[in-house]
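*Asks:* Chain by chain, the residues:
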Amino acid sequence: MKPHDASSRPPSRGFWAEAWARYRSRPIGMIALAFVVLLTVVAAFAPAIAGTKPVVCRYKGRLYMPCLGYFNRRWEAPVFTKDRFRGTYPQNLKDKDPDSWAIWPLIFQDPYRRVRDNEWPGRPENPSRDEGRPNAINLFGTDQYGVDVFAKMVHGTTIALLVGFVSMGLAGSIGIIVGAIGGYFGGWVDMLTSRLTEVVMCIPTLVLILALVAVVEKPTIWKTMAIIGATGWTGIARLTRAEFLRLKESEFVMAARAAGAGPVRIMLRHILPNALAPVLVPITFGIAAAILIEGSLSFLGFGPPPPTASWGSILNSARSNLQLWWLVVFPGAGIFLTVLAYNLVGEALQEATDPRLREARK
Amino acid sequence: MATYLLRRFLLGIVTLVVITLIVYGLARNMPGNPLTVQLGESDPSRKLNPEDQRRMLEIYGLDKPWPVGYLQWVSKLVRGDLGRSITRKQPVTKLIGERIGPTVLISGTALILTWLLAIPLGLYASARSGHIDERAVGIGLYVLYSFPAFVAALFLQIIFAVWLRGTSWELPLFGMSDLPSDAAWTARAADIARHAILPVVCQTYVVLAYNSRFIKANLEEVVRQDFIRTARAKGAGPWRVLVRHAFRNTLIPLVTLLGLSLPALVGGSVIIEQIFTWPGMGRLFFESIRERDYPTIMGLTFMFSLLTLAGQLLADLLYGLVDPRVSVD
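Protein sequences appear in the order of chains Y and C.
In terms of the working numbering, the first sequence opens at residue 2 and continues consecutively.
In terms of the working numbering, the second sequence opens at residue -9 and continues consecutively.
Worth flagging that the hints you see were computed from the coordinates, not collected in a lab.
This one's a predicted model, so the numbers in the text were calculated from it and none came from an experiment.
Please note: incorrect hints may appear among the correct ones.
Now the stretches of chain Y that chain C is said to cover, found in silico as 3 or more residues with beta-carbon under 8 Å [what the hints assert, rightly or not]: (1) 285 to 296; (2) 317 to 323.
Computed beta-carbon distance windows for the label pairs [unchecked claim]: (3) Y:Lys224 <-> C:Ala177: 19 to 27 Å; (4) C:Ile12 <-> Y:Glu252: 38 to 46 Å; (5) Y:Phe72 <-> C:Ala177: 30 to 38 Å; (6) C:Thr83 <-> Y:Lys224: 29 to 37 Å; (7) C:Ala207 <-> Y:Leu277: 20 to 28 Å; (8) Y:Phe16 <-> C:Ile3: 41 to 49 Å; (9) C:Pro55 <-> Y:Lys224: 36 to 44 Å.
These stretches of chain Y come out as covered by chain C in the derived footprint (C-beta under 8 Å, 3 or more residues) [claimed, not checked]: (10) 191 to 201; (11) 212 to 218.
Quick reminder that beta carbons are idealized off the backbone N, C-alpha and C, glycines included.
This is chain Y alone, in the form it adopts within the complex (with noise of 0.2 Å):
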C-alpha cells in the first residue's frame, strides 16, 4: 500500500464495496456463496472429516498427524512406515504402544479403499457390490468393492473445487492476455488475436478437449484441469478484447500516457481493474462449466486414473451397476448443487456489478 492511500479516505463507497452491499442484499446469491465456502471448508478439512488415519495422535511420546497423508503422501510421519502400520491405525496404534492416544476423523471410513472386519473395534467389513445402500456406518452407502461412498465425496470435493479454480484461473489469464493485448494494441496484433480466438472457438469444446486428453500420456487432474483451462478462453477474450477496446480511448488512460506511462503499465493498472468486473462474471459460469466437463470426462472414462477420488468417477462406476442407485444419486446432486451454486453466484455478480441491470431492477 501506498502511504497516500491510507492518509486520503475515500468519501463515498468504492466500486467494489458498492458491489459488495448489492450483492450481500440477493439472499439467493448469499446462499450460493455460503454452499461454496462450505465446499472450501469440506475440502480443506477432508481427512479430519473422513479417513481412517488419525487426526492427531500420540505414539512413542510424540504428537503426529497423520491425516495429512491423505493431502501428501510424503506428509504421514515415516515412523509409521518404519512400524509397519500399513495404513491400519487403530489396532496398531494400541499393540505398538499401549500409551498412545488418538483423535480420529468424524466418521472412520476410507476414499481409497474398503474398511476390513474389526478395523473399528467391533465394526464389521463394509459390505460390497449391491449389498451396500446407505445406512448409519456408510450414510451414502459402499461402491461394488465396498469402499465407503461418503469419503470418497467428501475427499472429492477438493477435486471439483481445484478443477474451477485451477482451470479457471488459467483460462481467466489467458483469455485476459490475449483480450487484452489485442484490444489495447488494435491493427495486425487485433487481427492475430481474434483470428486466434475464433479458431479455438470453432473447434468443438468436447472434441478439442478429448483429442487433447487421449494426446497426454498419463492423464492426471492437474493435466485436466490444465486442458479444461486451456480451451475455455475464448469468451474470456472476446469480452475482455470488447472492454479494452472501449477503454483505451478514455480520458483516464490518456492522462495515463500523458504522464509517460508504458503500455504494459496502462494496460495493468489503469484499465484492467475497470475491465475486470464484467469479465469477472463469465469466469464463473466457466467453474461451473469446468466442474461440468471434468464431470462428463471422468464419466466417459477420460478422467484421472483411479485412486483419484472424482464425482464423476463415481458416476463412472455406476454406469455398469444400475441398480445401486446411490453411486448416482449423491454424486449426481453433489455436481448439480456445485454447479448451481456457481452458476448463482455468477448470476448475482452479474446483477450486483452491471450498472444497466442495476437500472432495471428499479
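Following the hints, position chain C against chain Y.
*Replies:* Quick look at chain C alone, frame taken from chain Y:
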C-alpha cells in the same frame, strides 16, 4: 454482398486449414496407432510383429512424419475424398452417412421440441413476470439449466429401466432397436421411438431451459422500449403487444441462436450418445479417438468445423434478412 461472401469464404478456408492442422497434429501425436491400439488392447497374443506393423503403416501412409500425412489428407480432401477408416475398413463418407440419420433423429427432434416449448414458455414468463407462478417456473428452469445432462441420463435410466422394469412404463436402457432389421417397419419405428425417448429428453431439457430464459431476457429488454408504450397507448391488448410488437423484435437474437445450433444438430452429443449407446456421430467420434482412427477423426472434425462456420455465416445472413437495418456490407 458478393465481396462480403468472398471475404467470409476465404477467411473460412484459413480457419478450416488451421483447425484441421491442429487436430491432425494432435491425433497423430496420441500415443499408439490404429494397429497397436486396436489389436494390442483386446488380446496381447494378436499383437503384430514389428515387421508386419511397419509394412501396414506403410500401406496406410503412416510411416511418414505427420505434416506430410496432413498434406496427403488435404490433397485427397480437395479431390472430394475423405479417405477410408483404418479400423472399420470402410470409406469415411459411408460411415458418416450411416451415423448421420440416428443423430439427426435425436437432435432434430430435440431441436424442434426445444423451440416449440421455449417460445411459449418465454412468452408466458414475460407476460406473468413477477407473479408467483412465473417465479416458480423460472426457478424450475434455472434448476434444469444447471442439471448436468449425464446425471439426468443416469437418473432417467434408473427410473425407467430399473425401477419401472416389468411395468408398461419401462423404457429400454440403450441401443437404437431390439428388433431384427427384417421386422415390419411399423413395429421397428415404434421400437426406435421407444429407444429414442430418453436420449431426446436428455438433449432437450438443458437447451430448453437456456432458450426460454434467453427469450424472456430479450423480451424484457424490448418491453421497456418506447414503441411498446405506443402500442399500449393505442389500445392493443396485452397479448397482442407481447406477440405482435415485442416478440417480433426479439427474433434477431433468436435467429442467431438457431444458426449456432446447426453444428449440434448434425454433430450430436458425445455424452448422450455414449450413455445410451446410440449409433450416432458423437459416438463415432468418441470411438474413433479411442481407436486412433485418424481418417475418421479428421473427417468428423472437418465436418463439425465446416458446419460451425456455416452456422455462423447463416446466422449473420439471416440477421440481415430479419432486420433490414442490418446490412452485411
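*Asks:* State for each hint whether it applies.
*Replies:* Going through the hints against the structure:
Restraint check on the stretch 285 to 296 of chain Y versus chain C: 3 residues with Cβ-Cβ distances below 8 Å, three needed, restraint holds. With a threshold of 8 Å between beta carbons, the proposed coverage of the stretch 317 to 323 of chain Y by chain C holds, since 3 of its residues qualify and at least three are required. A hinted range of 19 to 27 Å is violated for the C-beta pair Lys224 of chain Y and Ala177 of chain C, which are about 49 Å apart. Between Ile12 of chain C and Glu252 of chain Y, the C-beta spacing of about 42 Å keeps the proposed range 38 to 46 Å intact.
A C-beta distance of roughly 58 Å is found between Phe72 of chain Y and Ala177 of chain C, which places it outside the suggested range of 30 to 38 Å. Distance hint for Thr83 of chain C and Lys224 of chain Y: a CB-CB separation of about 35 Å, consistent with the stated range 29 to 37 Å. The supplied range of 20 to 28 Å is met by Ala207 of chain C and Leu277 of chain Y, whose beta-carbon atoms lie about 24 Å from each other. Distance hint check for Phe16 of chain Y and Ile3 of chain C: the Cβ-Cβ separation is about 45 Å, which falls inside the suggested range of 41 to 49 Å.
Distance hint for Pro55 of chain C and Lys224 of chain Y: a CB-CB separation of about 25 Å, inconsistent with the stated range 36 to 44 Å. For the stretch 191 to 201 of chain Y, the stated coverage by chain C holds: 3 residues have a C-beta nearer than 8 Å to a C-beta of that chain, and at least 3 were required. Note: the stretch 212 to 218 of chain Y has 5 residues with beta-carbon separation from chain C under 8 Å; the three-residue rule is met and the coverage holds.
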